[in-house]
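Student: Each chain, letter by letter, is given below.
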Amino acid sequence: MGHDAQWHARISRVLSGALRVWGVSGAVTGDPGDADGFVVVPDAGPAMRVRHQAGAGWTVTPRDPVAGAAMPPGRHAGLQGLLRQLREDLAPDAPAGRLVIGAQPLLGRDQSGRRQ
Amino acid sequence: MTPLPVSVITGFLGSGKTTVLSRLLRDPALARTAVIINEFGEVGLDHLLVEASDEEIVLLDSGCVCCKVRGDLVRTAGDLLARRAAGAIGPFERIVIETTGLADPAPILQALMTDPALAGALCLESVITTVDAAAGAATLDAHPESVKQAAVADRIVVTKTDLSDPAVSGLAGRLRILNPTALQLTAVHGAVDANRLFDGALYDPAARGTDVLRWLGDGAVTHGRHDGTVTSFCLRRSAPLRAVTLTLFLQVLAEHCGAGLLRLKGLVNVRESPGRPAVIHGVQHVFHPPAWLDAWPDGDHTTRIVVIAPGLDARWLEALLDALDDEVSGLERNQDV
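These protein sequence lines are chains A and B, in that order. This note's numbering puts the first residue of the first sequence at 1, with every later residue one more than the last. This note's numbering puts the first residue of the second sequence at 1, with every later residue one more than the last.
One should not assume that every hint holds.
[Claimed, not checked] Label pairs and their calculated CB-CB ranges: (1) A:P65 / B:D294: 55 to 61 Å; (2) B:A86 / A:G81: 49 to 55 Å; (3) A:T61 / B:P116: 40 to 46 Å; (4) B:R75 / A:G30: 34 to 40 Å; (5) A:D64 / B:H301: 48 to 54 Å; (6) B:S329 / A:P65: 32 to 38 Å; (7) B:D141 / A:G33: 45 to 51 Å; (8) A:A54 / B:R75: 51 to 57 Å; (9) A:V66 / B:H301: 50 to 56 Å.
[As the list claims (entries may be wrong)] Simulated coverage check for chain A against chain B, where a stretch passes if three residues somewhere in it have a Cβ under 8 Å from a Cβ of chain B: (10) 7 to 15; (11) 82 to 95.
Hint data in this document are derived by calculation from the structure and do not stem from the laboratory. Virtual Cβ for every residue (Gly too), placed ideally from N, Cα, C.
The shape of chain A in the complex, shown without the other chains:
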């Protein structure tokens, strides 16, 4: 086990909070087969197993793989990619946006601080 209880509680809160943001009812539990893993179990749809390895990042696989339907695991260096895959898998209809940085400066200055 590479992470402490605080890390587990934090990641569990991030995952369960994300479910609520996406409008998915379900639960997040620790993975009984992996001390640094989690299982995301939606009320409807397949459960996903989320694993973390220090230095390697996150891996996402179905908890109950369908026989004969080989599915490569999703691998993500960070939480951002992990959350994106979980949303696409568990809540494909949830709205997805992207950060847009506008053109208008906040202070009437450019980014180096010069007055325009």
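Please build the complex by placing chain B on the supplied structure of chain A, with the hints as guidance.
Tutor: Then chain B, alone, in the frame of chain A:
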């Protein structure tokens, strides 16, 4: 060129926007103001109610400004600026946009924030929302648009207070919970102090200096509050935030909560920029480029990020920010090895 301030006046149908605007335009403090009025419907009426002498008034009546004429709005503002530069109209010093009562103000703000032709020429000064003292509570209950209008405001003008006292009715408290960063003013028959209404800008073209703490509503948001529909809270961090953490945090918010993120304002202690805090401001998934202050406005150097959003859990955002920072810090450690 000094950017001209732009203010947006919004508020639900019948909340008194036009009355307030009409009174404001008679105030010497608002001389040299150009006004863009949008109306929903085929026949424009509200402009007939606005009495003005030397102000430039442009009517957009092709539909709701937020969903149909966003391009028109940008073009109209651009045209006004071009005519001003050419001397075809008076040298106005401010633009006020009055939205329809049904408008979602967010796309209007985003249009002003993102249009490259207007960048540098205009500066978003403040969002002013009118709320009817008598009917406001029922409107908030029945119309989500009105909740959004109040939630994104820098200034909330409670109108018709001769009919109902907002402090007694509980409306003032409800609005404070809904948007603790907005200054509340009252108006009877549209009369409101223009100087207090238009001093909410982060950027002050009159060079009175930037007042970030006032803009941020610092101190007003101490913990998560909600009125049943919209939550407002302030994330605080005493340790400086890594720039990468901040970027990832905003990216995740924009990706997963974009439409629900009514407003985010922050003063951030960025680790890579000691002594020069960053000011961030976003409406839904659209943000201004971060602005860097020359110094902290006071002795408190903690990061403060105010979030106003329907249904967002403050604890989730806290955990997300910490988890991202933990991840970035782990990558840094690995690189150091």
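Student: Kindly confirm whether 32 to 38 Å is satisfied by the beta carbon distance between B:S329 and A:P65.
Tutor: About 34 Å separates the Cβ atoms of B:S329 and A:P65, which means 32 to 38 Å holds.
Student: Confirm or reject the claim that A:D64 and B:H301 have a C-beta distance inside 48 to 54 Å.
Tutor: holds (50 Å)
Student: Just to be sure I understand the hint, the distance between the Cβ atoms of A:P65 and B:D294 should be within 55 to 61 Å; is that true here?
Tutor: holds (57 Å)
Student: Taking 49 to 55 Å as the stated bounds, is the beta-carbon spacing between B:A86 and A:G81 within them?
Tutor: Holds, since B:A86 and A:G81 (Cβ atoms, about 51 Å apart) stay within the stated range.
Student: When you take the CB atoms of B:D141 and A:G33, is the distance between them in 45 to 51 Å?
Tutor: Hint holds: Cβ distance 49 Å, inside 45 to 51 Å.
Student: CB of B:R75 to CB of A:G30, is that within 34 to 40 Å?
Tutor: violated (56 Å)
Student: At least three residues with a C-beta closer than 8 Å to a C-beta of chain B: is that true for the segment 82 to 95 of chain A?
Tutor: holds (count 5)
Student: Between A:A54 and B:R75, does the C-beta distance stay in 51 to 57 Å?
Tutor: Since A:A54 and B:R75 have Cβ atoms about 54 Å apart, the given range 51 to 57 Å holds.
Student: Note whether the CB distance of A:V66 and B:H301 lies within 50 to 56 Å or breaks it.
Tutor: holds (54 Å)
Student: Are there at least three residues in the segment 7 to 15 of chain A whose beta carbon sits under 8 Å from a beta carbon of chain B?
Tutor: holds (count 5)
Student: Using the Cβ atoms, figure out if A:T61 sits within 40 to 46 Å of B:P116.
Tutor: holds (44 Å)
In the structure shown, a violation is registered for the earlier hint numbered 4 alone.
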